[in-house]
Amino acid sequence: MIRDAALVASKDLRLEWRGRVGLGQVLPFALLCVLLFAFALDPDRGVLQRATSGLFWMIVLFAAVLVVQRSFSVEGEDGVLDALRLSGLAPASVYLGKVAAIVVQLLALEALLLVAVAVLYDTTLRGWGLLLGTVLLATLGIAGAGATYGVVGLRLQGAETLLPLLLLPLLAPVLIGATRAGDVALGRSAGPGWPWAAMLGIFAVVYVSLGAILFRPLMEDL
Amino acid sequence: MNEAAYIAAAWIGTFGAVAAYAAWIIRRGRQASELVDEQDRRWM
Amino acid sequence: MAPAPVVHLRGAVALVDRFPALAGVDLDVGAGEVVLVRGANGAGKTTLLRTCAGLLPVTAGDATVLGVDLARTPAAVRRRVGLLGHATFLYADLTVSENVRFWARASGATQEDGRAALDRLGVPSRLHHLAVRSLSTGQRRRVSFATMVARRPELWLLDEPHAGLDAEGRDLVDGLVAEAAGSGATVLFASHELDRAERVAHRIVTLAGGVVQSDERDAGGRDAGLRSDW
Amino acid sequence: MTIDGSVSPSGAVAPARSPAPTSTSSRATRILGTVALVGTAALVVFGLWITPPDAQLGETIRILYMHVPTVSAAYVAFIITAVASVAYLWKRTEFWDLLAASSAEIGVLFFALTIFNGMLWGRITWGVFWRWEPRLTTTTVLFLTYLGYLAVRRVPTSTRTRGTVSAVIGILAVVNIPITHKAVDWWRGLHQEKTIFGTVDPEMQGTQLFTAYLGLTVFLVLFAWLLIHRFRLAWLTERAEEQGLDAAIAERRAEGSLS
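Protein chains in written order, with my numbering: chain A, 4 to 225; chain B, 128 to 171; chain C, 935 to 1164; chain D, 16 to 274.
One chain only, chain A, in its complex shape (with noise of 0.2 Å):
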């Protein structure tokens, strides 16, 4: 099971690396975000700084949807939904393939948007574990209900518009504790930081089963 999610993943990432659609078009998007952000909230009143924990995740959120959107339209082109149908990868090999790539791409990503950070809105990082650890729970998190929710879109053709609806209620808490956790480590509020990272494990935790679970219905059924 690991060696044929090994299998979806590396393929996932050699396509993305040939489309580069989340390097030419998702990056440079997210990057605009943080300078649309700059203009609605004034520079200079100091919103930015106190606010960037929430803006980041924000823009990491647009970001996902979209790269999960990317992830399941390449599986939407030319029969290939079929054609995983009939091989002989279980759903959960599939579900765990795209999960991990959908990570690669989403950490590579959010590692150029905190140095964006860092630099525009003058922030300096620190607490690096708690940050670290927040990244990589909530990132999980994200791909794991994106990869479900992905492979939803993907069977209602036509209805991709639905993606965010149906993603975003669902990653709330995962905007609050990832934000809220990042606002410790950044030292922009005080108290403990790492229930929130427990929070944002227990999402990732169920949401991966779940996910996993369900994908047997969603990919096999008709």
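It should be emphasised that the hints constitute simulated quantities derived from the structure, not laboratory data.
You may find that some hints are simply not true.
[To be verified] Residues on chain A that point at chain D, a partial pick, calculated with CB under 10 Å: (1) L128; (2) R129; (3) W131; (4) G132; (5) T151; (6) V155; (7) L171; (8) L173; (9) A175; (10) R183; (11) W197; (12) I205; (13) V211; (14) G214; (15) D224.
Beta carbons are placed, not taken as given, at the ideal position from N, Cα and C, and that holds for glycine.
Could you slot chains B, C and D onto chain A? The hints should help.
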């Protein structure tokens, strides 16, 4: 007295919405049952 | 008694979205048979093949393929059949060898099976490192066919296998079909190239309006020895 | 051409019985409906006249007689949706799919009413319609989640795909309820304020307590009554579509015998 108005709005709004929804599904039920064979609409 | 048929359909109704593309098909195909399915556009040929592959829900009637009940567990038959459809089932941005390697490994075959299949389909090695996107239609069909051959299916379901191929490619397809039947696989294929297809087939089934209109059992198969005995 | 399972004209099947109803009503729903009506009348009398104003909440407690039952009934509805969704993925019968869908629709209605009442309560208590009170916030997020569920059900596709996809969403959405609750609670943890639920007197007594339970009962009965009607409507809609299918099969076959 304003308080009473909000309380009245809550009660009227709530039961009004439920009644409107009920009327809507019952009307649609009547319309739909005309399209369907008799043996498919024998309820328990 | 004849062995259990590979394909057994009785009054099978299959829906495409909500349209009854198959409206009650009766069909039995025995092991090793090569059956040509013909009919006008929209007669249900593609639907019949996709249904046999377990890709469409059978909503009424009996449908058993390779001993699997399609109405109950359609997924169980999928890995045992090979479907060549209108779609190529290939990732356009991956190269030929990446595609073949992925699909071979995804269906439990080895990389070598994939490479051998590419050779068998006559895909020259200079194309192996090109993205599928940049291939001609004919080459894509060959690559698609290779991914199917590599998994050694028990039942071959070919939708217009001759389409988009040159004369040489068509001969190749005919050869593969005969070979497959010789090695015990069953072949069900739809084609518009009737002259050519009738030479390969043991049997010709004509579909119209989602039902079987005629079934000529003793059509001129090329090798009478391959014909099943029923 | 006659084939098994063919379309038979469906007259002369049912023996003479009482005529089938031409609506989604039956004896059971009429009884439930009557109970709901009487209960509603009693709730109005108790909630608006007989009960005294609350020591802490004053007259605003009268809104809670609506607010608490609607949110409870909505949660019951979403739990039914989730259970029916699991059952659908397991049994694959139309019954569970339609039950899940019907229940979710009514749950969304009740959630909307909960938010509506909460906002009116807030206007009196806080002077504004909206404050980021944890329960109200959670309810709104979940409301949007279930709007997504209903939106999915409206996408035209095969019944089977619709059932599978919406069952998955019905399960994920219900799992998200406790997580969202916890997250929102912690999020607002630093800002203690007068909340709708937090201020309900735990030692509520006498007519107030009776009215609270009456409200809960009335809304659960209303929910059951609406659910039965909504389910039957969904059932009739599927049957009507199926008749279209029988006609389509007949037409499809005719197409074959012509050529």
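So, going through the hints one by one against the coordinates:
1. L128: 23 Å, violated
2. R129: 22 Å, violated
3. W131: Not OK, violated: W131/A not within 10 Å of chain D, min 23 Å.
4. G132: 20 Å, violated
5. T151: 7 Å, holds
6. V155: 5 Å, holds
7. L171: Cβ of L171/A sits 8 Å from chain D, so the hint holds.
8. L173: For L173/A, the interface hint holds, since the closest Cβ of chain D sits about 5 Å away, which is under 10 Å.
9. A175: 5 Å, holds
10. R183: With a minimum Cβ separation of about 7 Å from chain D (threshold 10 Å), the hint on R183/A holds.
11. W197: This hint is violated: W197/A lies away from chain D, its Cβ roughly 13 Å from the closest one there, beyond 10 Å.
12. I205: 7 Å, holds
13. V211: 12 Å, violated
14. G214: Holds: closest Cβ of chain D sits about 9 Å from G214/A, inside 10 Å.
15. D224: 5 Å, holds
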